[in-house]
Amino acid sequence: MDGMNNVKNIIDIGALEDIAPLGARTVTTTFGDIAIFRTADDDVFALLDECPHKQGPLSQGIVHGTSVTCPLHNWVISLQSGEAQGLDVGCTPRFTVKVEAGRVLLSLP
Amino acid sequence: MNMTVSPRKKLIVIGNGMAGMRTVEEILLRAPGMFDITVFGAEPQPNYDRIMLSPLLAGEKSFEQIVLNSYEWYDANGIDLIAGEHVDWIDREHKTVRGAKGTQRSYDILLLATGSNPFTLPLPGVNRPGVMTFRSAADVEEMLGIAAPGKKAVVIGGGLLGLEAAHGLNLRGMEVSVVHLMPTLMERQLDASAAHLLEQKLSLRGMNIHTSANTECFLGEDADSSVNAVLLKDGTCIEADLVVMAVGIRPNAGLARAVGLACERGVVVDDYMRTSDPAIYAIGECVEHNKQCYGLVAPIWDMAKVAADHITGMAQTSFTPVTTGTRLKVSGIEMFSAGDFLGGQGAEDVVFRDAARGIYKRLVLRDEKLVGVVCFGDARDAGWYFQLLKDQKKLGTLRETMIFGQAPSLTDPAEAIACLPDGAEICGCNGVTKGTICTAIAEHGLKSVDDVRTRTKASASCGSCTNLVEGLLKLSIGTEFGAATVKSMCKCTIHGHDEVRRHIKDDSLKTIPAVMQALEWRTPNGCASCRPALNFYLLAAWPGDYVDDAQSRFVNERMHANIQKDGTYSVIPRMWGGTTTAGELRAIADVVDKFNIPTVKITGGQRVDMLGVRKEDLRAVWQDLNAAGLVSGHGYGKALRTVKTCVGSEWCRFGTQDSTSMGIALEKATWGSWHPHKVKLAVSGCPRNCAEATIKDFGVVATEAGWDLHIGGNGGIKVRATDLLCKVTTDADVMEYACAFLQLYRMEARYLERTAPWIERVGLKYVQEKIVDNSELRKSLCADFLYAQTFAQTDPWAEESACNTRGKKYDAMAELV
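Protein chains in written order, with this note's numbering: chain V, 1 to 109; chain D, 1001 to 1817.
Each hint should be verified, as a subset may be incorrect.
[Unchecked claim] According to the in silico footprint, chain D covers these stretches of chain V (three or more CB under 8 Å from chain D): (1) 9-20; (2) 29-43; (3) 53-64; (4) 69-76.
By construction, these hints were calculated from the structure, which means they are not laboratory data.
The model shown is predicted, which means the values in this text are computed figures rather than measured ones.
Don't be surprised by glycine CBs; every beta carbon is placed ideally from N, CA and C.
Could you build all of it, start to finish, from the sequences and the hints given here?
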C-alpha cells in the first residue's frame, strides 16, 4: 500500500491553511482514512490514519518535530517513514503529498 | 581490523541480564580499563530490570523506563555487546566461546550469568499457542498481544510472580483466574492468615482464585489450535484466551553441564563464585552455592561484589547468604515477609489485626529475638522489623510495643526518617543502608535521587524506596534539595517542572515558543509530554492573557470529548451536583436516537455518558444538547470533573445539611477550571458519607455543627482516603476554602500529579499552613481562582459549534470516495 511508486492520481485536497501548524486533517479514500500532517516548518506528510499498534487515529495525536504521538497509547510514529520510534516496532503505510502554490496535493496509487 | 596488540586481559560475560551487568559494573568500579569486555546476550535488548516486568505488564511503566543499561552505556564503557546471540559452546582448553550465529571470541576470564528458565508443566496441550511463561520482555509482549478487556486469562501458580502477572492482566481489563496447587497463596512468603487476606483482596478486584487446584491439561478446538480452556483434575473447566505459567524457575546450567563444569541443580560455585574451572566464574540464578539456589535480587548483588573482588584481584571476600525479605509488587497491596514467619515449637507469636482496615501483622520471636515477620495491609514498618531481624539483638522492652510499629507517635515522615539508625536498610533490593546513603551524600556532594542512585544503587531497582531516599536528601542538604535535584520534565529539557513554572512567572514568559527559547529546549517544538504541561502552566500563570494552544492539548481536550479505543468519542454533559430534569433526560434520549449512539452509561460521577459518537457528529450532538441547556461536563479533561452529592437534609431522614445545594453551588463556582490533573469534588449530608467524599480531591462532609473539609483522596489504582483539612461552620467558608485549595493545587502541583500524590509530597501541614492558618493568603488564593474563572467559564461545546475555523478539525479535509 506504500504509495511512493506507481503514482496514478494527483489530487488537490485543499489549502495548506486548512491544516493547523503542528496539526493534522483526514482525507477519506478507498484505502481508508489518510491523515495529512503539517509540521512547524510547513512540511506536509501523509500516513494511513492508523497506528501500527492498535489502529489509533494518528491524525488526532500531538505533532512534534517530524513525528506524531498516537493518542491511544503514546507510540511515536515518524512522519517521514511511518516507522514506530524507540523500542516499539511497526510501520504505517505512507503516501506521497506535496504543497504547490499553497495547495496540498495528494498522490494515490 | 585493529592491529595494535591489546595488553588488556579479555573478559567474556555470557548473559546480558541483571546479574551479569551488575558484576560488570562492580568490575568497572574497581578497575576501569583492566579488561576488554565482551557480553553475549540471548535476548535482543540491552539489559533491563526483570523485577519491573510486572509493572511493564500492568502498563505502569514503559520498556524504556525499565532499561538498566542503555546501548550508550555499553559504548561509553567500551563493552562489546553481542545481543540476540546465545552462546552454544565453550572450548575450555583453548579458552574460546562460540555463539549460535558463529561469532567466536577468546577469553582470559569467563563469567557465566545465564540466569534461569521458567519451569514448564509437562501437561497435554502445553505447546498450544496462548500458553506461555512470564520471564522476559518478549513474554510480556506476547501476553499484551492477546490481552484485551473482557478476555480471559488463567495464571497457573499463586506465588509472587504468578500474582504479579495476574495483577497486570487484571489491570489490562482481563478476567483473571489464578490456579494454585497449594491450599493458600504465596505459601513460601505468607502464613495462612495473611494469605487469606490476600485472597480476599484479590477476589474483591475480580480475580477468581482456585487453591488446592491441580491442572490436568490445556484444551483447544483441535490438536494444534490455540488454548481455549484449562481443565483441572477435579473436573473444573476454566475458559482461557491466555494461560500464563508461573510455577517456578530452574537454573539455566545446560551449557555449563555440557562443557563438563561441576553442576547439581545449578552451576556449582565456591565462596568466591568460582566454578570447577578456575578461569570460569558464575553468578546469579544459574548458580548453586552450598546446595542453595537464589532467585531474589539482594543476595545476587552480594555475589556480584564478591565475583568482582576476585576477578579484579582487589579483595579476598567470600559470599555469605543473608536473610532476605519479600515484597509483593501489586499496587495497593502492602505486603512484606522475612525470616522464619511460621514459628512453631519454641517460638512465640505477637499478632496484631485490624479487621476494618484489613491489616495483619505477625512477629515471630525466639529467645527474645525477632526471627520472622509477616505484614499485610500495612508494611510501613517493614524496614524496621527487617533490621531488628538481622540485628538479632535481645528485644527487651521493645517487645511490648513493637507490634504497633517503630514509633507510633511519629506521624511526620521526615521525623520518622530522621529517627532511623544508620544501619537501617533503606533499599532492600540493593542492601543499601541509611548510613551509606548519608555518607555518600556528604562525601560526594550528591544533590539528587539520580546522583544517589548512580553512587550507591539505592532505589535503582524496584524504586519503591525513592521516597525514603528523597527524605534522606532533604535531611542531609535541606532546602538545596528541592532546587537542584528534580527530574527534568522530559528529554526535551534539563529543567524540572517546578523550575519551568518559576521561570514562566519570573521571566514573564507568555508563549510556548518563548519558554522553549528562554529555557533552551533541545527539540524544535517539544514532545507530547512537555507541550501539554507547558500549555497548562502558561494558562494557570497568565489567566486572560495566554492564548490556549489547541495543538498542545491532548486529543480529548482538543476535541472536548473522550477518545475511545475505536477512535469514536464519548460525550458527557454536566449535571450540576448530580441533579437533572425530565427535559434534560428527554434531550439526551433524543440525541441518542438521532445519532444512533450505541451505548448510554451512568458514570461514577452521577452523570450520563453517551459512548460511540463519531467525530463528525460531535458538533451536532453538542448543538442539540446546548439547546436543552446542557453544557460540557469536562469528563475528558485535566479539569474540574464532577461534584458528587447525596440528597442531604432536603429528603434524607439522617441528613444534617443541604448537601445537594452545597454541591451545586461548588460546581457552579468551579466548573471550567483547568488543573494539573482531573479534580473531583463531593458533598455528603451527614457522616454516613453516601457521596464518598473521603476518596475525592476535595470532599465536604456535613456535621451537626457545620462542615468537615477533606483533601487529597483518590479512588483509583491506589486508593487513598482524604486527610482532614479543617472544620468550618458556614457555607461561605466551604466555598472560600474550596476555591483557595484548588488554586494552590493548580499553581503548585506538577502537571499530571493528582492531589493525593501532591499532598504526600508536600505534606498536609504545608497545605494547612497556607489554607487554614493564613487567612490572608487563603482569601487571596480564592480571589485569584475566581478571577481566573471569569475567563475559564465558557462552554467549549457552544464555542466549537459556533466557530467555523475551529470546527474544521471535526470534518474530513476532503472525501475521495
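Do the hints match the structure? See the list:
With 6 residues bearing a CB less than 8 Å from a CB of chain D, the region 9-20 of chain V meets the requirement of three and the coverage assertion stands. With a threshold of 8 Å between beta carbons, the proposed coverage of the region 29-43 of chain V by chain D holds, since 5 of its residues qualify and at least three are required. Counting residues of the region 53-64 of chain V whose CB lies closer than 8 Å to any CB of chain D gives 9, which reaches the minimum of 3, so the coverage claim holds. For the region 69-76 of chain V, the proposed coverage by chain D is satisfied: 5 residues have a C-beta within less than 8 Å of a C-beta in that chain, meeting the threshold of three.
Violated hints are absent here; each numbered hint is respected by the structure.
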